[in-house]
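Asker: If you read the sequences in order, they're chains A and S. All you need for the working numbering is the position in the first sequence, starting with 1, plus 240. All you need for the working numbering is the position in the second sequence, starting with 1, plus 6.
It should be emphasised that the hints constitute simulated quantities derived from the structure, not laboratory data. All figures in this text were calculated on a predicted structure; none of them were measured in a lab. There may be inaccurate statements among the hints.
[What the hints assert, rightly or not] Quick list of simulated restraints, FRET-style, between CB atoms:
hint, chain 1, residue 1, chain 2, residue 2, range
1, A, 547, S, 186, 19 to 29 angstroms
2, A, 693, S, 130, 54 to 64 angstroms
3, A, 509, S, 145, 46 to 56 angstroms
4, A, 490, S, 186, 51 to 61 angstroms
[Unchecked claim] Stretch by stretch, here's where chain A covers chain S in the computed footprint (C-beta under 8 angstroms, at least three residues):
hint, region
5, 42 to 55
6, 148 to 158
For every residue, glycine included, the Cβ atom is placed at its ideal position computed from N, Cα and C.
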Amino acid sequence: MSAWAARKLRTRLAVAYVIATSLVLCAFAIFVAVFVHERLHAEIAHRLDQEVEIAERSLRMDDAGRLVWYAPHGTHEPYLPLRNVSWLDIHRPDGTLIYRVPESNMAGTAAAIPSFEKEHTSGIFSITTPGGVQYRLLQRDIEIAGQRAISRAAISEDQAERQLDILYWVIGLGLPLAVLLSGFGGYQMAGRALVPMSRITAQARAINAERLDARLPVVNRHDELGELTVTFNDLFSRLQRSFEELKRCSADASHELRTPLTIIRSVGEVGLGRHHDEAGYREVIGDMLEEADRLTLLIDSLLALSRVEGLQCPSDIKPVDLGALADDVAIKFGVLAEEKGQTLTLERTGPVSVTGDSGLLHQVIVNILDNAIKYTPPGGRVHLRVDHTDSEAILEIADDGPGIAPENHKKVFERFYRVDVSRSHTVEGFGLGLAITRRVVEIHGGRIEVSSASQTGSVFRVVLPLAVSPKQRDANRG
Amino acid sequence: MRILIVEDEPKLAQALKQGLENEHYEVKVAATGEEGFFLVHAETFDLIILDLMLPGRDGLEALSALRHLGFSTPVLIVSARDTLEDRVRGLDAGADDYLIKPFAFAEVLARVRALIRRGRADEILRFKAADLELDRVTHKATRGGETLDLTAREFELLEYLLLHLDRVVSREMLARDIWREVRRVTPLDNVIDVHMARLRKKVDGAAGHKLIHTLRGVGFMLSEVVP
Numbered sequence: 241m242s243a244w245a246a247r248k249l250r251t252r253l254a255v256a257y258v259i260a261t262s263l264v265l266c267a268f269a270i271f272v273a274v275f276v277h278e279r280l281h282a283e284i285a286h287r288l289d290q291e292v293e294i295a296e297r298s299l300r301m302d303d304a305g306r307l308v309w310y311a312p313h314g315t316h317e318p319y320l321p322l323r324n325v326s327w328l329d330i331h332r333p334d335g336t337l338i339y340r341v342p343e344s345n346m347a348g349t350a351a352a353i354p355s356f357e358k359e360h361t362s363g364i365f366s367i368t369t370p371g372g373v374q375y376r377l378l379q380r381d382i383e384i385a386g387q388r389a390i391s392r393a394a395i396s397e398d399q400a401e402r403q404l405d406i407l408y409w410v411i412g413l414g415l416p417l418a419v420l421l422s423g424f425g426g427y428q429m430a431g432r433a434l435v436p437m438s439r440i441t442a443q444a445r446a447i448n449a450e451r452l453d454a455r456l457p458v459v460n461r462h463d464e465l466g467e468l469t470v471t472f473n474d475l476f477s478r479l480q481r482s483f484e485e486l487k488r489c490s491a492d493a494s495h496e497l498r499t500p501l502t503i504i505r506s507v508g509e510v511g512l513g514r515h516h517d518e519a520g521y522r523e524v525i526g527d528m529l530e531e532a533d534r535l536t537l538l539i540d541s542l543l544a545l546s547r548v549e550g551l552q553c554p555s556d557i558k559p560v561d562l563g564a565l566a567d568d569v570a571i572k573f574g575v576l577a578e579e580k581g582q583t584l585t586l587e588r589t590g591p592v593s594v595t596g597d598s599g600l601l602h603q604v605i606v607n608i609l610d611n612a613i614k615y616t617p618p619g620g621r622v623h624l625r626v627d628h629t630d631s632e633a634i635l636e637i638a639d640d641g642p643g644i645a646p647e648n649h650k651k652v653f654e655r656f657y658r659v660d661v662s663r664s665h666t667v668e669g670f671g672l673g674l675a676i677t678r679r680v681v682e683i684h685g686g687r688i689e690v691s692s693a694s695q696t697g698s699v700f701r702v703v704l705p706l707a708v709s710p711k712q713r714d715a716n717r718g
Numbered sequence: 007m008r009i010l011i012v013e014d015e016p017k018l019a020q021a022l023k024q025g026l027e028n029e030h031y032e033v034k035v036a037a038t039g040e041e042g043f044f045l046v047h048a049e050t051f052d053l054i055i056l057d058l059m060l061p062g063r064d065g066l067e068a069l070s071a072l073r074h075l076g077f078s079t080p081v082l083i084v085s086a087r088d089t090l091e092d093r094v095r096g097l098d099a100g101a102d103d104y105l106i107k108p109f110a111f112a113e114v115l116a117r118v119r120a121l122i123r124r125g126r127a128d129e130i131l132r133f134k135a136a137d138l139e140l141d142r143v144t145h146k147a148t149r150g151g152e153t154l155d156l157t158a159r160e161f162e163l164l165e166y167l168l169l170h171l172d173r174v175v176s177r178e179m180l181a182r183d184i185w186r187e188v189r190r191v192t193p194l195d196n197v198i199d200v201h202m203a204r205l206r207k208k209v210d211g212a213a214g215h216k217l218i219h220t221l222r223g224v225g226f227m228l229s230e231v232v233p
């Protein structure tokens with residue numbers, strides 16, 4: 241774990257917040273500075289433009305055909321706006337002066353005025369006088385009645401620079417302060433937001449295997465923390481359910497194991513207690529051996545169940561023809577139906593190919609069919625059907641038995657569940673077959689369900705994903 | 007025929023010894039891997055029945071060591087470890103057969119016979135027990151000269167019973183050898199019972215003398231005398 245990841249979430253949130261805030265503030269400051277700078281320059285340029293235009297209106301042609309300064313009030317007084325510029329002059333192309341803003345207006349900047357140079361082209365540019373003062377200078381060619389003249393106007397940039405300086409100071413001092421404040425605020429906010437989190441942690445810590453019924457209090461189920469709490473509570477519910485199921489299962493298992501052991505024990509004890517003839521002893525020993533067989537079968541079934549429950553997918557995957565498999569099982573078990581006078585029919589079309597462990601799938605059909613035959617009365621009907629849709633293989637086993645009440649439709653797949661509890665000892669089996677069956681179907685990516693119209697038998701339906709045959713694959717590709 | 011049993015559970019060892027002695031084998035018991043290893047060096051045996059979980063030296067280890075030293079005595083492993091990998095490991099170490107606990111004694115006997123018989127060509131083509139005859143070539147069975155009308159499965163069953171004449175055949179052996187069912191959880195017992203009942207009706211139904219017997223909790227036996 242890096243040093244960064246090792247920090248508390250609160251610190252990490254605050255730091256991330258500070259970084260984000262600084263980036264945004266910097267970008268904003270740069271934007272403001274550039275914008276203000278541009279605005280000031282634009283304003284200066286605009287003012288120069290106006291001044292020059294006003295000055296040009298005062299030019300007249302004299303009798304000699306030369307451009308001269310004409311003051312409407314008979315003086316050299318300029319228009320008032322001309323006071324806005326630092327300095328303004330108009331020359332003839334030959335370098336002679338037509339007009340210059342009087343010295344009095346120029347606030348002692350005369351010494352700084354650069355001399356007129358004809359080579360200067362028109363335009364606006366910055367100049368620095370030998371005195372070190374920055375000016376913005378506008379130079380323009382004018383033509384009045386065929387006579388050319390060049391006007392120049394300049395405004396000191398001092399004021400604009402001062403304004404910019406103030407702006408830079410404000411940004412330079414304010415920005416770190418803002419970042420500092422946002423960091424502090426972010427740290428506080430992250431702390432506040434995380435308080436319920438620590439509370440949840442503490443409460444979740446208190447819930448353990450002994451106290452699985454406790455739940456976290458949900459404050460607001462619509463915000464993220466509420467969702468987290470609800471998710472946690474769901475998890476606890478599931479855990480509690482599986483713990484309870486596990487407890488019940490081990491209780492059931494020990495009960496089931498105890499029954500044959502008790503029988504072996506008492507039959508043995510009673511058998512020893514009295515003198516029997518040989519046939520009598522054979523009877524006693526036979527009884528004990530039968531129960532030993534029952535025990536073996538139970539242990540094998542429990543092992544089989546725990547093995548398939550440990551699997552996420554079948555370990556041995558091959559293409560399996562469900563129809564052929566059903567055929568095989570029907571032939572094998574048909575004899576049992578025959579013995580009970582039942583009709584066992586198999587309805588199937590062509591091959592229905594699924595992928596999986598053929599041994600386990602065989603087991604699925606056997607378990608369901610065995611149950612169907614067991615619970616169907618003599619003379620009844622058991623019908624097997626293998627079919628498929630576009631993507632799914634379907635195996636249906638319908639029987640004529642007493643049916644299963646809707647409230648038990650889910651329970652039949654639970655471990656150690658037997659439909660009629662009171663008869664549990666007369667109907668053989670441990671109630672593990674369907675639990676194994678369901679798990680096998682699940683690890684094959686399928687599902688199993690039972691439907692039952694009461695009194696008219698039940699239908700077990702296994703749906704498995706259809707294997708893609710090479711032919712289909714080609715068809716899809718083409 | 008001498009058999010060595012290497013098994014640390016005394017009751018099981020005793021039961022196996024008794025059972026095998028009843029079948030006229032000469033049996034020695036070793037309770038640990040070391041003792042077994044020593045006995046194999048000191049004496050000659052025709053077969054070793056070996057438990058895997060032993061105190062001291064592990065059964066598999068002892069077996070590998072023996073095979074390494076060049077002993078080729080057939081070995082039948084009996085173990086409670088029942089996964090495919092366990093079986094493969096046992097057979098890889100040099101075992102000739104692998105039997106999972108709990109087992110039916112009839113099964114042990116059948117495997118012992120098969121292992122001792124191994125290598126000898128004694129393919130029997132005609133079976134005879136009292137007035138019951140079965141011909142493997144013509145695929146015909148008769149009782150008292152009357153041809154029995156048997157299905158393929160019933161013929162196979164009768165053949166299996168005759169092959170194990172006078173010996174017990176367990177349901178598990180039948181499930182594995184006749185129905186070729188590998189998994190022990192498949193509820194085949196009822197199926198086997200039905201077929202057996204039908205076969206019995208055909209073989210013993212008309213005749214007064216019963217040949218097929220059921221041993222409760224054990225299995226079936228074809229024998230001229232009532233067991």
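Asker: Return the numbers of the hints above that this structure violates; sort them in rising order.
Answerer: 4, 5, 6
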